[in-house]
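Top line first, the protein sequences correspond to chains A and C. No gaps in the numbering here: position 48 of the first sequence is 65 in our numbering, and each next residue is one more. No gaps in the numbering here: position 17 of the second sequence is 18 in our numbering, and each next residue is one more.
Just so you know, the hints here were simulated from the structure itself, not pulled from any lab data. Some hints here could point you the wrong way.
[To be verified] With a Cα cut of at most 20 angstroms, we get these calculated DMTMM-like pairs of lysine to aspartate or glutamate: (1) A:K124 with C:D68; (2) A:K124 with C:E71; (3) C:K130 with C:D68; (4) A:K137 with C:D68; (5) A:K116 with C:D68; (6) A:K124 with C:D70; (7) A:K110 with C:D68; (8) A:K137 with C:D101; (9) A:K110 with C:D101; (10) A:K126 with C:D121; (11) A:K116 with C:E71; (12) A:K116 with C:D101; (13) A:K137 with C:D99; (14) A:K122 with C:E71; (15) A:K116 with C:D121; (16) A:K137 with C:D121; (17) A:K126 with C:E24; (18) A:K122 with C:D99.
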Amino acid sequence: MAVKAFSSEWASAFKDEVNKSSNYKSAAKGWKWTVGLVVEAEPDKHFPESKGIVMDLFDGEARDVTVGPAGDAQKCDFVITAPYSRWKEVATKQLDATKGMLQGKLKLKGDLPTIVRYTKASQEMTECTTRVPVEWPDEK
Amino acid sequence: MHDAGPCRMARRKVTSDQHRLVEYADSEPSAFASMLGGLIEANVSSRPEKEHDFDSLVASVGMWVTDIDEGVTLDFMGGRLVVHNGLMAGRTITIRTDADTVMSLSNLKIGPLGLPVYYDAIGRGVAAKLLRGRLKIEGLLPNILTLNAVTRIFSVQ
């Protein structure tokens, strides 16, 4: 059943997908930093307020994924920021996250060597995003 | 713009007249230029074994990412790097490949004698792309030592 985009239900479903992924588990071995995703508001797309997704990831496991204010996500060790429609492109496989970062469509803040070292883990995490059925506010 | 993170100059001695390790030729560096420059700066600042290569390397290295149609030129000037948006004339080496392979190149392990490891999974993937023409390196043969030095500086492993 589809869940509302970037809602608490979405966060819970996303966490389950990450923890189901054996690829993520092996690729993210040794990862011990928090990751924040900032989803910037796009009122014309019926996404009126920015949201922050805080991911507590540790050694191949998603310990917690929560949705709250953007400011919470901005405090994480790694922060990836993009408008709502860009995240939707990532979640629907229209935009590859690696390319998006190289093009500046997804803005990354954090230690670059670490994030590059875990490229496979971040790619697998993107795959997990695409497996969550989502109800998009601009498609109602 | 990408933020290369804290402690960029953590290890090197900093004096007021010292150049930054990495500078950008363009007033608005592309995201790709910022990312590569930031990656190299963080690598050299935090990994002592990369300093010798960085300090001695003089070469102009182009990198073109085929699936995003963007590239940069990395001008290594013996202890300083200037990053240009796009490909500039007079390059020593030019690497043309897709975004995934750029990430793989930066994940190559460095083995004995400072040589990139091509026998593990990532190395084999890179070698296969080279053989299939999905990774093209212009100027490879006469500049293999330069390429190895660039790989060592670029590698996060």
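These are the hints, each one checked on the structure:
Proposed proximity of K124 (chain A) and D68 (chain C) is supported: the alpha carbons are some 19 angstroms apart, at most 20 angstroms. Taking the CA atoms of K124 (chain A) and E71 (chain C), the gap is near 17 angstroms; set against the 20 angstroms cutoff, the hint holds. With a C-alpha separation of about 14 angstroms, the suggested pairing of K130 (chain C) with D68 (chain C) holds against the 20 angstroms cut-off. A threshold of 20 angstroms between alpha carbons decides the hint, and for K137 (chain A) with D68 (chain C) the separation of about 18 angstroms falls inside it, so the pair holds.
Between K116 (chain A) and D68 (chain C) the CA atoms are separated by roughly 8 angstroms; this keeps the pair inside 20 angstroms, and the hint holds. Between K124 (chain A) and D70 (chain C), the direct Cα distance comes to roughly 18 angstroms. Compliance with the 20 angstroms bound is thereby established for this hinted pair. With a C-alpha separation of about 15 angstroms, the suggested pairing of K110 (chain A) with D68 (chain C) holds against the 20 angstroms cut-off. Under the criterion of a C-alpha separation no larger than 20 angstroms, the hint pairing K137 (chain A) with D101 (chain C) is consistent with the structure, at around 10 angstroms.
Between K110 (chain A) and D101 (chain C), the direct Cα distance comes to roughly 15 angstroms. Compliance with the 20 angstroms bound is thereby established for this hinted pair. This hinted pair does not check out: K126 (chain A) and D121 (chain C) have alpha carbons roughly 30 angstroms apart, beyond 20 angstroms. Taking the CA atoms of K116 (chain A) and E71 (chain C), the gap is about 10 angstroms. The hint holds against a cut of 20 angstroms. A hinted pair counts as satisfied when its Cα atoms are at most 20 angstroms apart, and K116 (chain A) with D101 (chain C) qualifies at roughly 8 angstroms.
The straight-line distance between the Cα atoms of K137 (chain A) and D99 (chain C) is roughly 15 angstroms, inside the 20 angstroms bound, and the hint therefore holds. With a C-alpha separation of about 13 angstroms, the suggested pairing of K122 (chain A) with E71 (chain C) holds against the 20 angstroms cut-off. For the proposed pair K116 (chain A) and D121 (chain C), the alpha carbon gap of about 24 angstroms is over 20 angstroms, so the pair is violated. Pair hint K137 (chain A) plus D121 (chain C) holds up; C-alpha atoms about 15 angstroms apart against a cutoff of 20 angstroms.
The straight-line distance between the Cα atoms of K126 (chain A) and E24 (chain C) is roughly 19 angstroms, inside the 20 angstroms bound, and the hint therefore holds. This hinted pair checks out: K122 (chain A) and D99 (chain C) have alpha carbons roughly 17 angstroms apart, not beyond 20 angstroms.
The earlier numbered hints that this structure contradicts are 10 and 15.
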